[in-house]
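Positions in the sequence shown are counted from 1; adding 130 to them yields this note's numbering.
Simulated from the structure, these hints should not be mistaken for lab results. What you are looking at is a predicted structure, and each value in this text was computed from that prediction instead of being measured. Wrong hints could be hidden among the right ones.
[Unchecked claim] With a cut-off of at most 30 Å between alpha-carbon atoms, the simulated DSSO-like pairs for lysine-lysine come out as follows:
1. K353 <-> K422
2. K320 <-> K300
3. K333 <-> K194
4. K300 <-> K352
5. K376 <-> K300
6. K218 <-> K300
7. K353 <-> K218
8. K422 <-> K194
9. K376 <-> K422
10. K422 <-> K190
11. K392 <-> K372
12. K194 <-> K300
13. K372 <-> K422
14. K376 <-> K333
15. K213 <-> K300
16. K218 <-> K190
17. K392 <-> K353
18. K320 <-> K190
[Said to hold, decoys possible] Pair ranges (Cβ atoms, derived):
19. D367 <-> D185: 38 to 44 Å
20. I230 <-> Q396: 33 to 39 Å
21. L387 <-> L174: 33 to 39 Å
22. I230 <-> P198: 33 to 39 Å
23. Q195 <-> M146: 48 to 54 Å
24. Q209 <-> S409: 46 to 52 Å
25. K157 <-> Q227: 18 to 24 Å
Glycine included, every Cβ here is placed at the ideal spot set by N, Cα and C.
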Amino acid sequence: MATAGKTQVGTIIGTMDYMAPEQAYGKVFPASDLYSLGVTCLHLLTGERALDMFDVMEEKWLWKQYLPAGQQVGDRLTQVLNKLVSRKLNERYQSAQEVIEDLQHSPVVNINNPLPLTSKYLGNMAGVRGRSSSVEASNSIDDLAANVSNQKPIFSKGINYSTLKVLLLKKKWQEADAETWRLLRESIDKLVGDYLSMSDLEKIPAEDLYRVDELWSTYSQKKFGFTIQSLIYEDMDGDYTKFCQKIGWLPYVSSILNDGYKFTDQAPRGHLPSRRFISGFEWWRHAEVMAKKLRSCYE
C-alpha cells in the first residue's frame, strides 16, 4: 500500500459491503485497500452492516447516526475515517503512510462518554500536554523566544502556529489574542476580520482548538487558555454572568472592541483569550460551546 500511482485490472474479489467503488469495474489501487479498511472501522464502531449506513440518494455515509448511545468520535478521527471511505478516489488517502501521519498528528480523541470539564481530571490533561509539548527547559523566556526560530514550526493541515508561539513567549497578550482568533478563523476558512458565530465555533476542528489551547496554557503557566475558561465556567454551574465576573469580563457586549479586557500578566485567571471576535444572537453561549469542543480533545 506504500505506492499510490499503480493500478491493475483483474477479477472482482471481495464482499460488496467492503469493496471500493472502482473495484466494481475491475480496477484496483492501493487506495482501494484503504477504503476497505475504513469501512471495516465503521462497522467495528457501529456494529452495523456497512451498506445500511450509506445513503445512495445523497451519495454519502451516515455512519455517525448509527453510533451506539453515548458513544462519540472526535472531529479529527471523523475526518480520517471520512477520508478513508471517500467514494472519490482522488479524495481518498493514497497510502497507509498518509493515514499513519494524520493519526499520529492528532490529539487524543475520546470515543467513549465525554468527561465533564472539572478540575479532577486536570492531571489527565497535563499528561497529554506533557507528551506533545515542545517547550525547552529554560529559566529565561527571552532565551526561549530567541531559540524559537531554530525549532521546527508547528503546523496543522497547512496552519502555522509559530507566530502565536512567539507572541505568547514574549507575553504580547493582545497580539497573541488577535492571532489566536485569526488562526481559528483560518481553520474553518473564514475571511480575515470576520466574526465567529456559535455555528462557526462548532466547526473548529478539535485538533486546531487543542493546539491553540496548549500554547496558551503552556506559556501562561496554566493561567490562560480555553481549558481554564471552561473549568471556571463549569465551576460557576454554567452561569455566564458569574463566569464573566470571575474572569474579569463585562457581562455584555460593548460597542468598543477592547473594552473591559486587560492584556497584561495581572489579568485574572482565565481572562484570555478574549471573546472579542465572537458575535451572533446567542454570543453568550461561546463558553458552553468551547467546553463541549474541548471534551473531544481529551480522555
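Task: Numbered hints the structure breaks, given as an ascending list - done: Structure breaks hints 6, 7, 12, 15, 20, 21, 22, 23, 24.
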